[in-house]
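Peer 1: The primary structure of each chain is shown beneath.
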Amino acid sequence: DARVTQTPRHKVTEMGQEVTMRCQPILGHNTVFWYRQTMMQGLELLAYFRNRAPLDDSGMPKDRFSAEMPDATLATLKIQPSEPRDSAVYFCASGLVQAGITTMNTEAFFGQGTRLTVV
Amino acid sequence: AQSVTQLDSQVPVFEEAPVELRCNYSSSVSVYLFWYVQYPNQGLQLLLKYLSGSTLVKGINGFEAEFNKSQTSFHLRKPSVHISDTAEYFCAVRNAGGTSYGKLTFGQGTILTVHP
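Quick note, the sequences are listed as chains L and A, same order.
Quick note on our numbering: the first sequence kicks off at 1 and runs consecutively.
Quick note on our numbering: the second sequence kicks off at 1001 and runs consecutively.
Here chain L stands alone, though its shape is the one from the complex (with noise of 0.2 Å):
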């Protein structure tokens, strides 16, 4: 069964530590999202790759944000130095998308979240 894996499930961390999180899409899946929900804000997007390369990373805090693909079985998602505002729960996900050829495509299946807390 095909899922998409993020660890850890869980971060405890403290104010301006460096946070680390991972994410393995699933196999041959060509784009993967990163997402933050908050109660505030709900879903925001972060940033999106497709085959590996960042297309979008505007709704990322440059500053302090970073998010890689080192290769395809892994994206990570940087956090340095964290802050309580940081807290919330990351999601990846991850889907194959083909412009414009509808069969190509899937729907963007959601790991279970890291949820980070700030404190």
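If you are wondering where the hints come from, they were derived from the structure by calculation, not from laboratory data.
All C-beta atoms in this analysis are idealised placements derived from N, C-alpha and C, irrespective of residue type, glycine included.
You may find that some hints are simply not true.
What the simulated footprint calls covered on chain L by chain A, stretch by stretch (three residues with Cβ under 8 Å from a Cβ of chain A suffice, anywhere in the stretch; the number is not a length) [to be verified]: (1) 58–69; (2) 85–97.
Going by beta-carbon spacing under 8 Å, a handful of chain A positions derived as facing chain L [said to hold, decoys possible]: (3) Q1042; (4) L1044; (5) K1069; (6) F1090; (7) L1104; (8) T1105; (9) Q1108; (10) I1111.
Which chain L residues stay away from chain A? Per the calculated CB distances, all over 12 Å, these [claimed, not checked]: (11) K11; (12) E14; (13) M15; (14) G16; (15) Q17; (16) E18; (17) T20; (18) R22; (19) N30; (20) K78; (21) P81; (22) N105; (23) G111; (24) V118.
Start from chain L and add chain A according to the hints.
Peer 2: Quick look at chain A alone, frame taken from chain L:
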């Protein structure tokens, strides 16, 4: 740019009553449409999707949605809800073309609460 508006932040209903969760979108390119459900402390699961073809799509758990291009809407319906349908529901659109094809944007969510 694209956006999704879910018109109701909370919808309370009684068990076995019908329900409609409303979703409107705006986009300068053609889109695909999705409804996801999120149960407490879990990730998002796909309920149904519209990519092409028939505008009435059926999903899991008895849900269905109708794509209305002229009204740019994709409302979710269920004729008879159960207690277990209590969850948060998200409407989403994904660009089918343009330079940012594949970008997936969500609405703010609608919390459906089913009362006995």
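Peer 1: Is the hint on L1044 of chain A kept, meaning its closest Cβ partner in chain L is under 8 Å away?
Peer 2: Check passed: Cβ of L1044 of chain A comes within 4 Å of chain L, closer than 8 Å.
Peer 1: P81 of chain L: least C-beta distance to chain A exceeds 12 Å?
Peer 2: 27 Å, holds
Peer 1: For the segment 85–97 of chain L, count the residues whose Cβ lies under 8 Å from any Cβ of chain A; is that count three or more?
Peer 2: The restraint on the segment 85–97 of chain L holds, since 4 of its residues have a Cβ under 8 Å from chain A and three suffice.
Peer 1: Is the shortest C-beta separation between I1111 of chain A and chain L less than 8 Å?
Peer 2: 11 Å, violated
Peer 1: Would the stated hint for L1104 of chain A survive a check requiring a Cβ distance to chain L of less than 8 Å?
Peer 2: Status holds, d = 5 Å.
Peer 1: Test the statement that M15 of chain L is away from the interface with chain A: the closest C-beta pair must be farther apart than 12 Å.
Peer 2: Check passes; 24 Å lies beyond 12 Å.
Peer 1: Quick one: work out the minimum CB distance from N105 of chain L to chain A and report holds if it exceeds 12 Å, violated otherwise.
Peer 2: Non-interface label fails for N105 of chain L: nearest chain A Cβ at 6 Å, not farther than 12 Å.
Peer 1: Using a Cβ cutoff of 8 Å, are there at least 3 residues of the segment 58–69 of chain L near chain A, or does the coverage claim fail?
Peer 2: n = 0 at 8 Å, threshold three: violated.
Peer 1: Determine whether the non-interface label on G16 of chain L survives the test: each CB of chain A must be over 12 Å from its CB.
Peer 2: 28 Å, holds
Peer 1: Should the label of Q17 of chain L as a non-interface residue stand, given a Cβ cut-off of 12 Å to chain A?
Peer 2: About 24 Å separates Q17 of chain L from the closest Cβ of chain A, which puts it past 12 Å; holds.
Peer 1: Using Cβ atoms and 12 Å as the threshold, tell me whether E18 of chain L really stays out of contact range of chain A.
Peer 2: Correct as stated: the minimum Cβ-Cβ distance to chain A is 25 Å, above 12 Å.
Peer 1: Checking the smallest CB distance to chain A, is E14 of chain L really beyond 12 Å?
Peer 2: 24 Å, holds
In this structure, the earlier hints numbered 1, 5, 10, 19, 22 and 23 are contradicted, and the remaining ones agree with it.
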